[in-house]
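Asks: Each chain, letter by letter, is given below.
Protein chains: 2
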Amino acid sequence: MEGVDYLAPERNKAQFDVEEMKIVWAGSRDAFEVSDRIARLVASDPAFRKDNRTMLGRKELFKNTLRKTASAWKRIIELRLNEEEARRLRSFIDEPAFTDLHWGMFVPAIKGQGTDEQQQKWLPLAYKMQIIGSYAQTELGHGSNVQGLETTATFDPQTDEFVIHSPTLTSCKWWPGGLGKISTHAVVYARLITDGQDRGVHGFIVQLRSLDDHLPLPGITVGDIGMKFGNAAYNTMDNGVLRFDHVRIPRNQMLMRVSQVTREGKYVHSNVPRQLVYGTMVYVRQTIVSDASTALSRAVCIATRYSAVRRQFGSHNGSPETQVIDYKTQQARLFPLLASAYAFRFVGEWLKWLYMDVTRRLEANDFLTLPEAHACTAGLKSLTTSATADGIEECRKLCGGHGYLCSSGLPELFAVYVPACTYEGDNIVLLLQVARHLMKTISQLGSGKMPVGTTAYMRRAEHLMQCRSDVKEAKDWLRPNVVLETFEARAVRMSVACAKNLSKFTSPEEGFQELSADLVEAAVAHCQLIVVAKFIEKLQQDIPGKGVKQQLEILCSVYALFLLHKHQGDFLSTGCITPTQASLANDQLRSLYSQVRPNAIALVDAFNHTDHYLGSVLGRYDGNVYPKLYEEAWKDPLNDSVIPDGFQEYVRPMLKQQLRNARL
Amino acid sequence: MEGVDYLAPERNKAQFDVEEMKIVWAGSRDAFEVSDRIARLVASDPAFRKDNRTMLGRKELFKNTLRKTASAWKRIIELRLNEEEARRLRSFIDEPAFTDLHWGMFVPAIKGQGTDEQQQKWLPLAYKMQIIGSYAQTELGHGSNVQGLETTATFDPQTDEFVIHSPTLTSCKWWPGGLGKISTHAVVYARLITDGQDRGVHGFIVQLRSLDDHLPLPGITVGDIGMKFGNAAYNTMDNGVLRFDHVRIPRNQMLMRVSQVTREGKYVHSNVPRQLVYGTMVYVRQTIVSDASTALSRAVCIATRYSAVRRQFGSHNGSPETQVIDYKTQQARLFPLLASAYAFRFVGEWLKWLYMDVTRRLEANDFLTLPEAHACTAGLKSLTTSATADGIEECRKLCGGHGYLCSSGLPELFAVYVPACTYEGDNIVLLLQVARHLMKTISQLGSGKMPVGTTAYMRRAEHLMQCRSDVKEAKDWLRPNVVLETFEARAVRMSVACAKNLSKFTSPEEGFQELSADLVEAAVAHCQLIVVAKFIEKLQQDIPGKGVKQQLEILCSVYALFLLHKHQGDFLSTGCITPTQASLANDQLRSLYSQVRPNAIALVDAFNHTDHYLGSVLGRYDGNVYPKLYEEAWKDPLNDSVIPDGFQEYVRPMLKQQLRNARL
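The listed protein sequences derive, respectively, from chains A and B. Residue numbers in the first sequence follow our numbering, run continuously in steps of one, and reach 664 at the last position. Residue numbers in the second sequence follow our numbering, run continuously in steps of one, and reach 664 at the last position.
Rather than coming from a laboratory, the hints here were simulated on the basis of the structure. Don't take every hint at face value.
Taking lysine-lysine pairs in the BS3-like style, the calculated list, with each CA pair at most 25 Å apart, reads [said to hold, decoys possible]:
(1) A/63 - B/656
(2) A/328 - B/635
(3) A/63 - B/59
(4) A/328 - B/475
(5) B/328 - B/440
(6) A/121 - A/266
(7) B/59 - A/50
(8) B/549 - B/538
(9) B/472 - A/504
(10) A/656 - B/121
(11) A/566 - B/635
(12) B/538 - B/50
(13) B/328 - A/440
(14) B/328 - A/566
(15) A/656 - B/549
(16) B/328 - A/500
(17) B/111 - A/656
(18) B/328 - A/504
(19) B/59 - A/656
(20) B/63 - A/635
(21) A/500 - B/475
(22) B/546 - B/475
(23) B/59 - A/628
(24) B/449 - B/504
(25) A/546 - A/22
(26) A/566 - B/546
(27) B/63 - A/328
(28) B/111 - A/504
(29) B/397 - B/475
(30) A/63 - B/635
Assemble the whole structure, with the sequences as input and the hints as a guide.
Replies: This is how it looks when you write it as C-alpha cells:
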C-alpha cells in the first residue's frame with residue numbers, strides 16, 4: 001500500500017496552517033526555502049543513503065563516511081553552494097565527520113585568533129580543503145579545566161621556533177574529532193613557555209601529517225581513541241589521540257591576534273581585547289542551542305507519529321484499539337517535549353540576536369553586557385542539551401519495545417546527541433558559572449550597578465521577594481504576565497536564599513563549594529525563566545497564518561506549566577504559589593493537552609523533516625509502520641543465511657550432547 | 001606500574017569492615033561464597049574474555065556469543081555446577097544469549113503451566129539442552145495488551161491437532177530472544193479457538209526448527225529482527241520474528257495445567273487456581289528488581305572509582321588538583337545512586353521472601369494477599385528499573401567525556417539495561433496497575449476490609465491525613481520513624497486526593513483516564529515508601545561487622561532524604577512538611593554526603609565486582625585508569641593501519657583538488 005497516507009485523518013484534524021508554521025519554525029521564509037531545498041536534495045541523492053549504517057563494522061562504517069564527505073564536497077562544488085547551503089547539506093547528511101571539526105572549529109579558530117597575515121595564509125588552503133584541520137584542546141587528563149592543560153610550546157629563540165611537547169601521558173590530546181586518521185593540521189592548545197616562564201594556554205597551528213603520503217610527521221604519534229557509545233553514531237568520526245615528542249613549528253604558527261611572541265622571545269599583547277574569546281563561546285553555544293531544538297524535534301516527531309499509529313487496549317466489540325497518543329500518560333510525557341522543542345527553537349533564535357548584539361558591542365569596546373551574555377548562553381546550553389538528551393530517551397521509551405530497534409532511529413539519535421551535555425562545557429560546570437554570575441549580580445544589587453539583559457528582572461527583586469500570585473482559577477494560568485512573574489519570583493527567591501546561606505560562611509569559596517548543589521538548582525530556575533520569557537516575547541510579535549499563533553500560545557503554556565508542575569517544590573517552598581494554585585496549574589495543563597492532541601501531528605509536520613533525515617521506520621511521514629518494520633528486519637546480516645555462522649561448531653554439539661569432546 | 005593500587009589511600013579511609021559488608025550485599029555468607037567463586041572462575045577463563053566485543057560486526061558478535069554459550073555449558077557440565085551456580089555463571093559471562101530465554105522463560109513456562117505429564121516429557125529434554133526453547137508472546141502489533149494477541153490456535157477435532165496461524169502481519173511474533181536463529185522450540189501464546197469460539201490467550205509448545213538440519217519446519221517463517229540499541233549489548237541476542245502459516249501441532253502440546261481441550265474439543269478448566277500465573281509474575285519481577293540493584297551497583301562502582309581517580313581544578317602552588325569526588329555537585333548526583341543500589345538490593349531481598357510467602361499461600365488456596373503482592377511487585381519493578389536506567393546514564397555523565405567511550409563500559413551497560421523499563425510490563429502501565437490497586441484499597445477503607453502488606457499503613461489513613469511532622473532541626477530527619485511517617489503521609493494524601501478527584505467523574509473509567517498522570521505520581525509515592533520502609537526494616541535486624549550498620553544507616557537516610565528533596569513538591573503541596581522542614585532535610589542531606597565521602601570507595605568495593613564483570617577501564621579496582629585508556633585505544637580496528645581504508649579513494653582527491661573527476 002505504497003503511497004497511502006495513514007496519518008491523513010490526523011492531518012485533517014489540524015486547526016492551523018501548517019505551511020505557515022513551517023516558516024515560523026525555520027525562522028523566516030528564506031531560511032525555510034534553503035533548508036527545504038537542501039534537505040530534499042540530500043534525501044533524493046543515493047550517495048547519502050543511510051539505511052544500513054548501524055550494521056557496519058567500524059572500518060566499513062568509517063570508510064562509508066569518508067565516501068559521503070567526498071560526495072558532499074563534490075556536490076558543494078558542482079552546485080556552487082554558498083556557505084550556509086553547504087553547512088546545511090553537511091547537517092542533513094547526518095553523520096559526524098572530520099569535516100565538522102574542519103569547518104566548525106579549525107576555520108573559526110584561525111578566523112578568531114589568527115592575525116590578518118595568518119588568516120591570509122591559512123584560510124584559502126582550508127577553504128579549498130587543501131589542508132584538513134582539527135581542534136586539539138582536551139587532553140587525556142584535562143577537559144573542563146582548560147587552564148590545566150599540560151602540553152607545552154616552548155619558544156626556542158635560536159631557531160625562531162616553538163617546540164610542541166607532551167610531557168606526560170595525561171597530556172596526550174584526546175577526543176579531537178578528525179584527528180585520529182584524517183586531519184593534516186590542527187590548532188593545538190598548549191602552555192606557552194618563553195624565557196622559562198609559563199604564559200598560559202595559547203593556540204598553535206601544527207601540521208600533523210605529510211601532504212604527500214599522509215603519514216604522521218616525525219615526533220607525532222596519532223591514532224583513533226576507539227569505539228564510542230551507540231550504533232554508528234559518533235563512530236563515523238575519528239576522535240583521536242595525539243602525542244608530541246618535541247615537534248618544532250615556526251614562530252608564526254602561534255595564533256597571535258591577542259598575544260604575540262616576538263623574534264626575541266618577548267611575550268606581548270596586542271590591543272585586541274581578550275574578551276573576544278567570549279564572543280566565540282557565545283557563538284558556538286548559540287549553535288548548540290539551535291541544534292538541541294532540532295535534535296529534540298526529530299525525536300518528538302518520531303514519537304508523536306508512532307503514538308498516532310500505535311494502538312493498544314480499549315477495543316470494544318471489535319472496534320479498533322485506542323491510539324496510544326490518546327492516553328493522558330502518553331500526552332503528559334510527550335506534549336511537554338513537543339512544547340520544549342518549540343521553546344528551544346525560539347530561545348535559540350533569540351541567542352542569534354544576542355550574539356550579534358555582543359559582537360557589535362565588542363567592536364565598540366563595550367564590555368558591559370558581556371558577563372551576562374556569557375552566563376546566559378552557558379546556562380541555556382546546559383539547560384537545552386540536558387533536556388534534549390533526556391527528552392530523546394523519553395521519546396524512545398514512548399515508542400515501547402520498537403523504540404529499542406535501530407530501525408526506529410531513536411537509539412542512534414540519542415547516542416549521537418548525548419555528548420552535547422559534556423562538550424563545550426560540562427553542563428553542571430556551566431550551571432555553576434551561571435550561579436556565580438547570579439550571586440555576583442545579587443551582591444551588587446544595592447550598589448547601583450543595575451542588572452542587565454536576562455538578569456534585568458532582579459531590579460525588581462524587592463517586589464519579587466514578597467509578591468503573591470493572584471491565580472484564583474485554572475485559566476488564570478494562561479495569562480503570560482502571571483506565569484512570567486511566578487517564574488521570576490521563584491528564580492530570584494532561590495538565588496537570594498543561596499546568597500543568604502553563602503553569607504554564613506567565612507570563606508565565600510568554601511561556601512560556594514558546600515552549597516553548590518543548591519546553587520545549581522537556582523541557576524536552573526534562572527535559565528528556565530529565560531526560556532519561558534523568550535517564548536512569551538516571541539508571541540508578542542506579529543505571527544501570520546490561520547491559527548498559528550494560537551497553537552504557539554498553547555505550547556508556551558504547556559511548556560511553562562509543565563515546568564511549574566515538575567518543579568513545584570521550588571515554587572511552593574519559596575512561597576511563590578500556594579498548593580491550591582499549584583493544583584490549578586496542573587488542572588490547566590491537563591486541559592491544554594486536550595487542545596494539543598488534534599494538532600499534534602501537524603505540529604511535528606511543521607518541523608519539515610524528510611523521512612531520510614528522520615531515519616526512522618516508526619516516524620515515517622505516511623505512518624506505514626508495520627510493513628516497513630517487517631521489511632527492515634530482513635536486511636540484518638544475520639538473516640543472510642538461514643543457519644547462522646557458528647551454529648555447526650557451537651550449538652549443534654550442545655543439541656547432540658557432544659559438547660564434552662567439542663573443541664571450542 | 002602494574003600491581004600498584006592507586007586507590008589504596010581511599011580504601012584506608014573506610015570506617016567499616018568491607019568484608020562483612022560484602023556478606024550483607026550478597027544476602028548471606030553462603031550466597032557471597034558462591035557468587036565470589038563463580039565470578040572469579042568466569043573472570044579467569046579466557047573463553048569468556050569480553051574486551052573486543054564492541055568492535056565486532058553483527059555476525060562475528062553473534063558467533064562469538066554462540067561460542068561463549070557452548071563454553072559455558074561445557075563448564076557447567078564439567079564442573080557439575082548446580083542450578084544456582086549455573087545461573088550465576090551465565091550472568092557473570094555478561095552477554096544476553098538465547099540461553100537466557102531457554103532457562104529463564106521456556107523452562108519456567110512449562111513448569112508453571114504444563115501438566116505433570118507435559119513436564120515429564122519436555123523438561124528432561126530442555127534440561128539437557130536436547131531442545132532449545134524460546135518464549136513467543138509479544139507480536140508486532142501487541143506488547144502490553146496480551147489479551148489482544150492475534151495469533152490463533154484453532155482446534156481441529158478431526159486430526160486432534162491445533163492449527164497455529166498468523167492471520168495478519170501485525171500478528172507476527174516479534175522480539176522473543178533466541179527465536180531469530182537458534183531456538184528449536186517455543187512456548188507460543190495464541191488465541192485458542194474451539195467450536196468456533198475464542199477462548200482467549202493460551203500457551204502452546206511448538207517446534208520451530210528441525211532437530212536434524214536446524215531448518216525451519218514447513219509453514220514457519222522465522223528470522224532476526226535486526227540491530228538494537230547500543231554497542232554489542234542485546235545484539236548478541238537473536239530476537240526474532242516468527243510467522244505461522246497453518247502449522248499443526250498435537251493437542252497435547254497445549255499447556256494444560258489450568259485449562260484443557262478434550263479429545264472432543266471441549267474447553268474445560270482444572271481445579272488448579274488461575275491465580276497461579278500471578279505467582280509466576282511475582283517471581284519474574286522479583287528477579288528484575290534484584291538485577292536492577294546489580295546493574296546500578298556496577299555503574300555506581302565505575303563512577304565512584306573514577307571520581308576518586310579523576311582530578312580537575314583546584315590546584316594551588318603545584319599541589320594536585322581536586323579529586324572530582326570531593327565536589328558537592330558530584331556527591332549530590334553520585335551518592336544518592338550509591339544509596340539507591342543498596343536500597344534496591346534490600347527491597348529485592350524482601351521480594352524474594354514475598355514470593356515464597358505468596359507461593360505458600362497459593363498452595364493453601366489463600367488468595368487474600370495476592371492482589372497487594374501483585375501490585376507491589378509491579379510497582380517495584382517499575383520504580384527500580386526506571387531509576388536504574390536513569391542512574392546508569394547519570395553515572396556515565398559523571399565520568400565526563402571518557403564515559404562516552406565504550407572502554408568505560410557504561411554505554412553498553414546502559415544500552416543492555418534500558419529494555420528492562422519496557423519488558424515484563426511497560427513501567428507506566430505497571431504504575432497504573434498500582435494506582436488501580438491503591439484506589440480500590442482506599443474505596444474499601446470504610447468497608448472493614450483491611451489493607452494488607454505494603455498497603456497496611458492505609459489503616460492509619462485518618463491519622464496520616466492530618467499529622468504534622470515535628471522536625472525542628474536537621475538531625476531530626478535521621479529518625480527512622482519521622483522519615484517513615486512523612487513518606488506514609490505523602491503517599492496516603494496523594495492517593496486520597498486522586499480518589500477525591502476521581503469521584504467527581506460520572507464514569508470512573510473516564511476519570512481514571514483523565515487523571516492518569518496524577519495517579520502515576522501517587523503510585524510512585526507509594527512505591528518509594530515501600531523501598532524506604534524495607535530499608536528501615538532491614539536496619540532493625542542484627543547486622544554484624546565493625547561500622548557496617550552505621551554505614552547502612554547513613555545510606556538509608558541519604559536515600560530517603562534525597563527522595564524527599566527531589567519530590568519536595570509532593571510533600572509540601574500535601575502539607576506533610578513545611579518549607580523550613582524541607583530545607584532542614586536538605587541541610588541534613590548535605591552533611592550526610594560528607595559522611596559517605598570517606599567510605600565511598602569501600603562501599604562500592606563491597607559489591608565485590610571483578611574487573612572482568614565491570615568491563616570498564618574507568619572502574620578498574622586498582623584505579624590505573626589513564627595508561628589503560630591509552631592502551632585500549634590502540635586496539636580499535638581503525639588503528640590496524642596508519643592510513644585508513646578509503647583515504648586514497650575519497651580524501652586524497654579532496655586534498656589534491658581532484659574531486660571533480662573522481663568516481664565516488
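Asks: All hints are to be evaluated individually against the structure, with a verdict given for each.
Replies: Each hint, compared with the structure:
Among the hinted pairs, residue 63 of chain A with residue 656 of chain B is consistent with the structure: their alpha-carbon atoms are about 19 Å apart, no more than 25 Å. Among the hinted pairs, residue 328 of chain A with residue 635 of chain B is inconsistent with the structure: their alpha-carbon atoms are about 49 Å apart, more than 25 Å. Annotation: proposed proximity of residue 63 of chain A to residue 59 of chain B holds, straight-line Cα distance about 19 Å (limit 25 Å). Restraint check: the Cα-Cα separation between residue 328 of chain A and residue 475 of chain B comes to about 41 Å, which exceeds 25 Å; the hinted pair is violated.
A hinted pair counts as satisfied when its Cα atoms are at most 25 Å apart, and residue 328 of chain B with residue 440 of chain B does not qualify at roughly 43 Å. Between the alpha carbons of residue 121 of chain A and residue 266 of chain A the distance comes to roughly 24 Å, so the proposed pair stays at or under 25 Å and holds. Straight-line distance between C-alpha atoms of residue 59 of chain B and residue 50 of chain A comes to about 20 Å, which keeps the hinted pair within the 25 Å bound. Distance hint between residue 549 of chain B and residue 538 of chain B is fulfilled; the C-alpha atoms sit about 10 Å from each other, no more than 25 Å.
This hinted pair checks out: residue 472 of chain B and residue 504 of chain A have alpha carbons roughly 20 Å apart, not beyond 25 Å. For the hint linking residue 656 of chain A to residue 121 of chain B, the alpha-carbon distance of about 18 Å falls within 25 Å, and the restraint holds. Between the alpha carbons of residue 566 of chain A and residue 635 of chain B the distance comes to roughly 45 Å, so the proposed pair goes past 25 Å and is violated. Among the hinted pairs, residue 538 of chain B with residue 50 of chain B is inconsistent with the structure: their alpha-carbon atoms are about 36 Å apart, more than 25 Å.
About 20 Å separates the Cα atoms of residue 328 of chain B and residue 440 of chain A, which keeps this hinted pair within 25 Å; it holds. For the suggested pair residue 328 of chain B and residue 566 of chain A, the alpha carbons sit about 23 Å apart, so the restraint of at most 25 Å is met. Straight-line distance between C-alpha atoms of residue 656 of chain A and residue 549 of chain B comes to about 52 Å, which puts the hinted pair past the 25 Å bound. A distance of roughly 19 Å separates the Cα atoms of residue 328 of chain B and residue 500 of chain A; the hinted pair therefore holds under the 25 Å criterion.
The straight-line distance between the Cα atoms of residue 111 of chain B and residue 656 of chain A is roughly 23 Å, inside the 25 Å bound, and the hint therefore holds. Using a Cα cut-off of 25 Å, the hinted pair residue 328 of chain B and residue 504 of chain A holds, with the two alpha carbons roughly 18 Å apart. Pair hint residue 59 of chain B plus residue 656 of chain A holds up; C-alpha atoms about 23 Å apart against a cutoff of 25 Å. About 18 Å separates the Cα atoms of residue 63 of chain B and residue 635 of chain A, which keeps this hinted pair within 25 Å; it holds.
Between residue 500 of chain A and residue 475 of chain B the CA atoms are separated by roughly 21 Å; this keeps the pair inside 25 Å, and the hint holds. Between residue 546 of chain B and residue 475 of chain B the CA atoms are separated by roughly 23 Å; this keeps the pair inside 25 Å, and the hint holds. Between residue 59 of chain B and residue 628 of chain A the alpha-carbon distance is near 23 Å, which keeps this suggested pair within the 25 Å criterion. The straight-line distance between the Cα atoms of residue 449 of chain B and residue 504 of chain B is roughly 24 Å, inside the 25 Å bound, and the hint therefore holds.
Of the pairs offered as hints, the one joining residue 546 of chain A and residue 22 of chain A holds, with about 13 Å between alpha carbons and a cut-off of 25 Å not exceeded. Annotation: proposed proximity of residue 566 of chain A to residue 546 of chain B is violated, straight-line Cα distance about 42 Å (limit 25 Å). Using a Cα cut-off of 25 Å, the hinted pair residue 63 of chain B and residue 328 of chain A is violated, with the two alpha carbons roughly 44 Å apart. Straight-line distance between C-alpha atoms of residue 111 of chain B and residue 504 of chain A comes to about 66 Å, which puts the hinted pair past the 25 Å bound.
Between residue 397 of chain B and residue 475 of chain B, the direct Cα distance comes to roughly 32 Å. Violation of the 25 Å bound is thereby established for this hinted pair. Among the hinted pairs, residue 63 of chain A with residue 635 of chain B is consistent with the structure: their alpha-carbon atoms are about 18 Å apart, no more than 25 Å.
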